[in-house]
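Counted from 1, the sequence shown has number 115 at position 115 by my numbering; the numbering is strictly sequential.
Just so you know, the hints here were simulated from the structure itself, not pulled from any lab data.
One or more of the hints may lead you astray.
Stated by the list, open to error - Below 20 Å or equal to it, Euclidean Cα-Cα: the simulated EDC-like pairs (lysine to aspartate or glutamate) are:
(1) K69 with D96
(2) K117 with D143
(3) K87 with D98
(4) K71 with D43
(5) K24 with D96
(6) K87 with D73
(7) K105 with E16
(8) K105 with D73
(9) K87 with E63
(10) K71 with D157
(11) K71 with E16
(12) K48 with E82
(13) K105 with E63
(14) K24 with E45
(15) K117 with E130
(16) K69 with E109
(17) K69 with D98
(18) K71 with D98
(19) K69 with E26
(20) K87 with D74
(21) K71 with E29
(22) K69 with D157
(23) K48 with E63
(24) K48 with D74
(25) K48 with D33
(26) K69 with D143
(27) K69 with D28
(28) K117 with D74
(29) K71 with D96
(30) K69 with E82
(31) K117 with E63
(32) K48 with D96
Said to hold, decoys possible - Computed spacing ranges between beta-carbons, pair by pair:
(33) E26 with T92: 37 to 43 Å
(34) A21 with S160: 25 to 31 Å
(35) R108 with T136: 28 to 34 Å
Since the model is a prediction, treat every value here as computed from it, not as a measurement.
By construction, the Cβ of each residue, glycine as well, lies at the ideal position given by its N, Cα and C atoms.
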Amino acid sequence: MTNGEDYMSSGEVGLEAQDVADIKTELDEMWPDLHGNNFYFWDMEWRKHGHGFRFSNPTSYFELAIHCKRKLDDIIGRDLVEYLRQKGIGPTATADYDNQLFPRKINREIHFTVAIKCNTAANGNSQLLEIRICFTATGDLDDCKNNVGDKKYIARDCNSRIIFPAQRERRDEL
């Protein structure tokens, strides 16, 4: 969930445990941190994208995030990683993929432009860090390119060939 900009809001108000207590189980399942520190990750996401956008409190922001995740799962009929596996694109330590394969496969299913972001693994390979599926502030799917206006954003910081690491490998290499 972003508003199309990567920034930290001024006058940040941090996330408190009680802000997500009622939805913590859902967030643990739907929006986990690759490093295993979910609360820290959610706090960072709230400060970066939720606070100062349109949400007066973290609960509203995270409830919308859960709504968007469910909506995406309903459209593709399953979790995104499982969807990609069924399309022959699975997390692996060895195979590399054309960086446009991920957006193409997902775009065909949801009919909106998605973006990917990569980073460099410890071994020097370009690896998938994020698949960004954009939504409006009301939870409707939206083209990511319309949110950022940057054509390079569709494959940001990615080489032409990228690794789709398994979650454990991502934790080790990020």
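We went through each hint and held it up to the structure:
Among the hinted pairs, K69 with D96 is inconsistent with the structure: their alpha-carbon atoms are about 27 Å apart, more than 20 Å. For the suggested pair K117 and D143, the alpha carbons sit about 15 Å apart, so the restraint of at most 20 Å is met. Taken as a hint, the K87 and D98 pair is honoured in the structure, with Cα atoms around 14 Å apart against an allowance of 20 Å. For the given pair, K71 sits about 23 Å from D43 by alpha-carbon distance, which is inconsistent with the 20 Å threshold.
In summary, the hint linking K24 to D96 is not supported, as the alpha carbons are separated by about 34 Å, beyond the 20 Å threshold. With a CA separation close to 15 Å, the supplied pair K87 and D73 stays within the 20 Å bound. Our distance criterion of 20 Å between C-alpha atoms is broken by K105 and E16, whose separation comes to about 37 Å. Restraint check for K105 and D73: the C-alpha separation of about 15 Å stays at or below 20 Å, so the hint holds.
At roughly 29 Å between alpha-carbon atoms, K87 and E63 are farther apart than 20 Å, so this suggested pair is violated. With a CA separation close to 28 Å, the supplied pair K71 and D157 exceeds the 20 Å bound. For the hint linking K71 to E16, the alpha-carbon distance of about 26 Å lies beyond 20 Å, and the restraint is violated. A distance of roughly 28 Å separates the Cα atoms of K48 and E82; the hinted pair therefore is violated under the 20 Å criterion.
A threshold of 20 Å between alpha carbons decides the hint, and for K105 with E63 the separation of about 27 Å lies outside it, so the pair is violated. Taken as a hint, the K24 and E45 pair is honoured in the structure, with Cα atoms around 15 Å apart against an allowance of 20 Å. For the hint pairing K117 with E130, the CA-to-CA distance comes to about 5 Å; that is within 20 Å, so the pair holds. Between K69 and E109 the alpha-carbon distance is near 15 Å, which keeps this suggested pair within the 20 Å criterion.
About 25 Å separates the Cα atoms of K69 and D98, which puts this hinted pair outside 20 Å; it is violated. For the given pair, K71 sits about 27 Å from D98 by alpha-carbon distance, which is inconsistent with the 20 Å threshold. Between K69 and E26 the alpha-carbon distance is near 10 Å, which keeps this suggested pair within the 20 Å criterion. Taking the CA atoms of K87 and D74, the gap is about 17 Å. The hint holds against a cut of 20 Å.
A distance of roughly 15 Å separates the Cα atoms of K71 and E29; the hinted pair therefore holds under the 20 Å criterion. As the CA atoms of K69 and D157 are separated by approximately 24 Å, the hinted pair breaks the 20 Å bound. Only pairs whose Cα atoms come within 20 Å are accepted, and K48 paired with E63 is accepted, the gap being roughly 16 Å. A hinted pair counts as satisfied when its Cα atoms are at most 20 Å apart, and K48 with D74 does not qualify at roughly 27 Å.
Taking the CA atoms of K48 and D33, the gap is about 15 Å. The hint holds against a cut of 20 Å. Between K69 and D143, the direct Cα distance comes to roughly 16 Å. Compliance with the 20 Å bound is thereby established for this hinted pair. A threshold of 20 Å between alpha carbons decides the hint, and for K69 with D28 the separation of about 13 Å falls inside it, so the pair holds. For the given pair, K117 sits about 24 Å from D74 by alpha-carbon distance, which is inconsistent with the 20 Å threshold.
Of the supplied pair hints, the one linking K71 and D96 is violated, its CA atoms being roughly 29 Å apart against a limit of 20 Å. For the hint pairing K69 with E82, the CA-to-CA distance comes to about 14 Å; that is within 20 Å, so the pair holds. Only pairs whose Cα atoms come within 20 Å are accepted, and K117 paired with E63 is rejected, the gap being roughly 24 Å. Taking the CA atoms of K48 and D96, the gap is near 31 Å; set against the 20 Å cutoff, the hint is violated.
Restraint check, E26 to T92: a C-beta distance of roughly 29 Å breaks the suggested window 37 to 43 Å. Taken as a hint, the range 25 to 31 Å is violated for the pair A21 and S160, whose Cβ atoms sit roughly 44 Å apart. At about 21 Å, the beta-carbon gap between R108 and T136 misses the expected band of 28 to 34 Å.
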